[in-house]
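Novice: Residue-level listing of the chains:
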Amino acid sequence: MTNNLSVESVWNDLQAIKVKSPLIHNITNYVVMNSTANALLALGASPIMAHAQEELEDLIGISNALVINIGTLSSYWIESMKIAIRLAKVRGIPIVMDPVGVGASRLRTQVAQELLKLGPPTVIRGNGSEILALTSDLVRTKGVDSTAASQSALDAARELVEHFSCTVVISGEIDLIVNKTGILKINNGHPIMTKVTGMGCAATTFVAAFNTINPSPLMASAHSMAVMGIAGEIAESRSSGPGSFPAAFLDSVYNLKKEDIQKHLRMNL
Amino acid sequence: MTNNLSVESVWNDLQAIKVKSPLIHNITNYVVMNSTANALLALGASPIMAHAQEELEDLIGISNALVINIGTLSSYWIESMKIAIRLAKVRGIPIVMDPVGVGASRLRTQVAQELLKLGPPTVIRGNGSEILALTSDLVRTKGVDSTAASQSALDAARELVEHFSCTVVISGEIDLIVNKTGILKINNGHPIMTKVTGMGCAATTFVAAFNTINPSPLMASAHSMAVMGIAGEIAESRSSGPGSFPAAFLDSVYNLKKEDIQKHLRMNL
Amino acid sequence: MTNNLSVESVWNDLQAIKVKSPLIHNITNYVVMNSTANALLALGASPIMAHAQEELEDLIGISNALVINIGTLSSYWIESMKIAIRLAKVRGIPIVMDPVGVGASRLRTQVAQELLKLGPPTVIRGNGSEILALTSDLVRTKGVDSTAASQSALDAARELVEHFSCTVVISGEIDLIVNKTGILKINNGHPIMTKVTGMGCAATTFVAAFNTINPSPLMASAHSMAVMGIAGEIAESRSSGPGSFPAAFLDSVYNLKKEDIQKHLRMNL
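Protein chains in written order, with the numbering used here: chain U, 1 to 269; chain P, 1 to 269; chain S, 1 to 269.
Heads up, some of the hints might be wrong.
Which copy? The list can't say, so a pair holds if one copy fits it or any two copies do.
[Said to hold, decoys possible] In silico SDA-like cross-links for lysine to any residue, where the CA-CA straight-line distance does not exceed 20 Å: (1) 195 x 21; (2) 180 x 91; (3) 195 x 16; (4) 263 x 190; (5) 82 x 52; (6) 82 x 54; (7) 82 x 113.
I should point out that these hints are in silico values taken from the structure, not numbers from a laboratory.
Extracted from the complex, chain U is given alone in its bound form (with noise of 0.2 Å):
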């Protein structure tokens, strides 16, 4: 199964979030909302950013997804997490967990383990230091932008398989989409994809897009980050530097054709 990926099976899940628009409902950082919203419908989910403890049964139960984002915490937010999760977790929609600069503070680190344990996500996105981070409060990465060796990442991610059994995507230069029944690799992006904020923000919520159509977890990861990649490598063909980047971005990922996966994807290599 693990070997199934392809420029078809990319493509039809594509073509579902189109006709589906699932409802994916986020509770992420102040710094990308906007774009995570718009990088959403331009793919053609729908958007939810809302926070408010009172609101969480109601708005869950008629999302198909949840993203938790720990970009900006505080404690009002920690406590909207965790409920947020429990609901998802009995309603069994995907979750996916976006562990932004953890291991650059105590709380980070302890605030994501903690949600890791309350209810493990479907899927885990994050660089390889954070991934590292995960497992370990003894690497201090630097802000949010860090990578770290893919050899102890890869292990680290590993290790969160056995632990929570869920699958994880270490974001780089080759993106890693690890769980039990195997690895896949992604081969897509461009550096200048690390010079805006909030592509890692949008990768995360496309795995949550991609994980209300596609049973199987791997897959469904695996074809978010070919849809990043190859929409980034097309926007930055067409765009002049990090400033007109994202709006290149967000119409490449509207615009996307079954051509251009077929020129550009690469994977397993």
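With chain U held as given, fit chains P and S onto it using these hints.
Specialist: Below, chains P and S alone, put in the same frame as chain U:
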């Protein structure tokens, strides 16, 4: 009076905003704060976004209109909205309410109805399902981008007009502006506007800006929806998708010419 | 020393930022979090935006400068700002304060003055009316985009310099950078920059980034205002209004060449 809407009347109000540069106080959601502020600046108005209860008296004391947008609620912000409405009522400045996502959660429906009773706004602007949900808690909307059958929404708008002596704007393929003096229809805009977050919120703050200029809420609101829709059509023709659309929209608002209004305005059809 | 400002000195600092990629901790307002993060990334620096009091010690412990921006205050955030300033003082890293909207409410004036007394910043950056309001509560500014007569603002800046031994940047048609060692003037920029929210906030965070590189706050601040203004001029020539300007601005910052500085820099005229 309800038939006085014309290219000239839209243009005159638009020019008056640029001259007067009204200060619009927004208590709005995290997702659209940046895009709303930029929309007001492009229009020629001045934005304030602030929610601290200790400064509302000072800030509303220098503002020309108040926008209340319930997109990302929490208890402190709800209280700030109540204080702001009371202050705006005392000063007699226009209040425009955007009941984002009403019907999607009981909290939103309850808060919106409470705010309406506290101090009826000059104008309520929402999409069909939001307007419908304001008059009934039987409707559950799917997030914030829903539509509802236009006849039932129009009936709901009339009920709100009757009960709160306000003007209601129902955004949609055709925008309906309704109050006791009549009904106006604006048939501008483009579907791409539903693929970008915050276009409805921008419309709401435009309604506020125009209501500082024109004493008729019906005319002012119709003018703002006309400018939104016309700028949206021009922007769509100059952009490649929902990514490049927002910048093109702001440019179009900023550069809007009388000839553009002449060419595009479609009303009361 | 105050006359050493040159194309070379601007360029050298800009290159040093790209090499060192300083980590800038921002406690800033909701409106500009995304645009500020992207501005720092385009410049070559790394942004952190976080306000949770439990993690400030860890995060400021790895940061190279602190930005305090009071654009959207609330009591928790005010306390976070105080904690952050104390931590930054202990570490001896540059602190840059942006007194957004000071003078528009008594809360802002009071909080800004309290923060100044708590731990004088390395640099204060504001527009004329904000700088004026910091020394007097008699001035009521109109929101956040006001200007004030340059002579009275300059007098106010000198008072702040005297009292807090800091550097003051007055943004305006001509930017004035003032401290005990002298005064520098940057005559770059374009009026369109007043039609986009967050340009002042970007300037503030650029000042922070340059102050991690250059030990002279006067020179560092002048360099940052020169880069802001030059990138703004280039961006204006490549954009069609306030909508397309921000992307063009970030692209210009990212792609800025020594020849651009050579061609555009206008100083001390």
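Novice: Against this structure, judge whether each hint is valid.
Specialist: The hints, checked one at a time:
1. 195 x 21: between (29 Å within a copy, 12 Å between copies)
2. 180 x 91: Classified as neither; 23 Å inside a copy, 45 Å across copies.
3. 195 x 16: between (31 Å within a copy, 17 Å between copies)
4. 263 x 190: Result: close within a single copy only, 15 Å intra versus 31 Å inter.
5. 82 x 52: both (12 Å within a copy, 17 Å between copies)
6. 82 x 54: For residue 82 and residue 54, the Cα distance is within 20 Å both inside one copy (13 Å) and across copies (18 Å).
7. 82 x 113: Cα proximity of residue 82 and residue 113: one copy only (12 Å, versus 29 Å across).
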